[in-house]
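Colleague: In case you want the letters, here they are:
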Amino acid sequence: MNNSLFQLVALQFKNFFREPAIIFWAVIFPILMAWVLGIAFTNKGEAKKTVAVVGNISEKRVAWLKPDSGNTVTKQFGEDIKNPTRVKFIFIDEPAALLSMKRGEINLFLQQIGDTITYRYDPQNPDAVNTYLMIEREINRNGEPMIRSSVKPITSKGNRYIDFLIPGLIAMGIMNSCLWGISWNLIEFRMKKLLRRMVATPMRKKDFLLSNLITRTLIGAFETSMLLLFAFLYFRISMEGSILALMLIYFAGIFAFAGIAIMVSSRTANSQIGNGLINAVTLPMMILSGIFFSYHNFPDWCIPFIKYLPLTLLADSIRSIFIEGAGLREIVMPFIVLTLTGVITFFAGLKIYKWY
Amino acid sequence: MLLRQVFDGVHTEQNKCAQTDVIEPVVVRVKSLLKLSCKEIMQQEIIKITKVSKSFKELKAVSDLSLTINSGEYVALLGPNGAGKTTLIEMIEGIQFPDQGEIAIAGKNWKSNERDLHNIIGLSLQETKFIDKLSVYETLNLFGSFYKLGKQRTEDVLDLVNLQAKKKTYVVNLSGGQRQRLALGIALLNEPKILLLDEPTTGLDPTARREIWHILEKLKKEKGTTMILTTHYMEEAEYLCDRILIMDQGKFLAEGTLAELISKYGEGDVISFALNQKLNVSEFTQLPGLKKMIWEDEGRKGKMVVLNIAETLPVFLHIVEKLNARLSELECRKMTLDDLFITMTGRHLYE
Chain A
2 MNNSLFQLVA LQFKNFFREP AIIFWAVIFP ILMAWVLGIA FTNKGEAKKT
52 VAVVGNISEK RVAWLKPDSG NTVTKQFGED IKNPTRVKFI FIDEPAALLS
102 MKRGEINLFL QQIGDTITYR YDPQNPDAVN TYLMIEREIN RNGEPMIRSS
152 VKPITSKGNR YIDFLIPGLI AMGIMNSCLW GISWNLIEFR MKKLLRRMVA
202 TPMRKKDFLL SNLITRTLIG AFETSMLLLF AFLYFRISME GSILALMLIY
252 FAGIFAFAGI AIMVSSRTAN SQIGNGLINA VTLPMMILSG IFFSYHNFPD
302 WCIPFIKYLP LTLLADSIRS IFIEGAGLRE IVMPFIVLTL TGVITFFAGL
352 KIYKWY
Chain B
70 MLLRQVFDGV HTEQNKCAQT DVIEPVVVRV KSLLKLSCKE IMQQEIIKIT
120 KVSKSFKELK AVSDLSLTIN SGEYVALLGP NGAGKTTLIE MIEGIQFPDQ
170 GEIAIAGKNW KSNERDLHNI IGLSLQETKF IDKLSVYETL NLFGSFYKLG
220 KQRTEDVLDL VNLQAKKKTY VVNLSGGQRQ RLALGIALLN EPKILLLDEP
270 TTGLDPTARR EIWHILEKLK KEKGTTMILT THYMEEAEYL CDRILIMDQG
320 KFLAEGTLAE LISKYGEGDV ISFALNQKLN VSEFTQLPGL KKMIWEDEGR
370 KGKMVVLNIA ETLPVFLHIV EKLNARLSEL ECRKMTLDDL FITMTGRHLY
420 E
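Top to bottom, those sequences are chains A and B.
For the first sequence, the numbering used here puts the final residue at 357, and the numbers step up evenly by one.
For the second sequence, the numbering used here puts the final residue at 420, and the numbers step up evenly by one.
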């Protein structure tokens, strides 16, 4: 019997299994990602959090909350519920605590006001709420009467979660615009043999690649301004730092990701492989670079590496311009690293580029 | 021939000079005449391919080919799929490079003259897709800019390939024939001396095909363009080209005009037939004027190459009648390229 539903299902399966690249990206790549991220972030034992303590804590029932020689103290929470978390308390003053919060190094700080432990955090940030619940539970677990506690939400501009989020989203937008926009375009041109047709004319190859860079700079500028306008009007975010610095870091970011996009699309004429390659570049960065939550939650050993990922450099720079008031001096290093990334990947891509 | 022209020229000049007794200018005139003819000689040989080979992994796509094409010539590359036509044409286009041998175009090779050669060559690839949401005019303008041409040229080309009416249409909405004319228009933008077309009419209906033929005919007449064309269609090669090259398995099997090919490889007519029953093959061996009998289904269906239909056919019919058989098909015609290809290789040109 030749059943057409059976044939149609068989067709889909054949299509899937006869394209080795799809198997790689659909089966092997997710396993690899799970493996790498799993090793990096779960096998190291317990999770880690940092919380700031402002001023002295005189309450006797939390006598352990005293700075040691390194001005920190670390305590293991949640062992009884098989969810151990190491909490590192750092003892700093209030402005330093607010700055750390802006940078995403901490999401909550506490202080004793009278006989009350006061927690300060943005209730819009789910991670901060989590931290609050955990500490509150631990402190009051051992006995009656309860320690008095209160929550004083931080909702002032620049300290809110949305202030942390928007600059990260801008950076991510730049990355995605370049990688999907440019790579996709180039792979499609190659697929249609249009690239082959174009290089059979006196067209300069560099012009062709540059045209992608220029278009992305302009389209990206439009996309970014729209997002910014919305965030300004709706969330009332504000920008503290230099607009010139923002523009420069924007150009450097576009340049870096355009270079990476050209490199990513330099060989393949298969949209599925292209899709996988682009995901392989963008996904890890979206997770690692502290767009949605701070990368300071990741183990210490990988933070120096994460800090130099192009997306981290860009997101951190934009964030520092927006909420810390950073100027030109603060963005020199990321500007240079991003620009160099762009130059190196652009020329490496041009070198290995498959025109026909 | 050319040298004779030069001598004739000198001769006339000498006559003139005998009349006028002026020697100096004559020398100058002779010199310039000679120079001109050198240039003419140069122009004559526009593509020279010497012992070119190209392999892809195991497959030898083009094997030790040599070919010279003269300026103004229209040449057709004909052959079945996988014969090496596209590989050969892409090597001339500079898209692929030969493993061995040399290709000179207007005396230049691809390695050091890429830009110059791009400027004198126009080409259309097998099935290029252009940008869907770009209009015909915009597409031509884009390619025109690569040659640093103005918008006037775009207009001229629109007229040339008869797409003026579709100027503002998006490429995605063009018919197959219009798309091929656009591809041809792009190939013609830079007024190329050499036109390389890879299956320009494949998949087109006869009217659309004829339209392309007319454009190409006009070019030959008005511009003296040189063209190499690969095709599956014999009538296309026959209609357009001065010379036909038949390729198979990376080699040239035969070359010449259609008439030359036929007189060289198998002059005669073809009678193809099918019978309603199987007859003994030996019955047909004594037919008058029979050059070759090719059976498709032994004793039942076949093809005869004969010197003269009028001489062979009545005898053939008589035999069939005598044996009480009946003909279910009968066709008599002049030899075609496909027949030729079958007599050479035993296979159809395209199977």
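Since the hints were made in silico from the structure, they are not lab data.
Among these hints, one or two may not hold up.
In the DMTMM-like style, the derived pairs of lysine to aspartate or glutamate whose C-alpha atoms are separated by at most 25 angstroms in a straight line are [as the list claims (entries may be wrong)]: (1) A:103 - A:80; (2) B:370 - B:324; (3) A:194 - B:168; (4) B:202 - A:208; (5) B:361 - B:324; (6) A:206 - B:185; (7) A:67 - A:20; (8) A:194 - B:324.
The model shown is predicted, which means the values in this text are computed figures rather than measured ones.
Colleague: Taking the hints in turn, state whether each one holds.
Modeller: Okay, the hints, checked on the actual structure:
no.: 1; hint: A:103 - A:80; in the structure: violated, 30 angstroms
no.: 2; hint: B:370 - B:324; in the structure: violated, 30 angstroms
no.: 3; hint: A:194 - B:168; in the structure: holds, 23 angstroms
no.: 4; hint: B:202 - A:208; in the structure: holds, 21 angstroms
no.: 5; hint: B:361 - B:324; in the structure: holds, 22 angstroms
no.: 6; hint: A:206 - B:185; in the structure: holds, 16 angstroms
no.: 7; hint: A:67 - A:20; in the structure: violated, 61 angstroms
no.: 8; hint: A:194 - B:324; in the structure: violated, 31 angstroms
In terms of the numbered hints stated before, the structure departs from hints 1, 2, 7 and 8, listed from lowest to highest.
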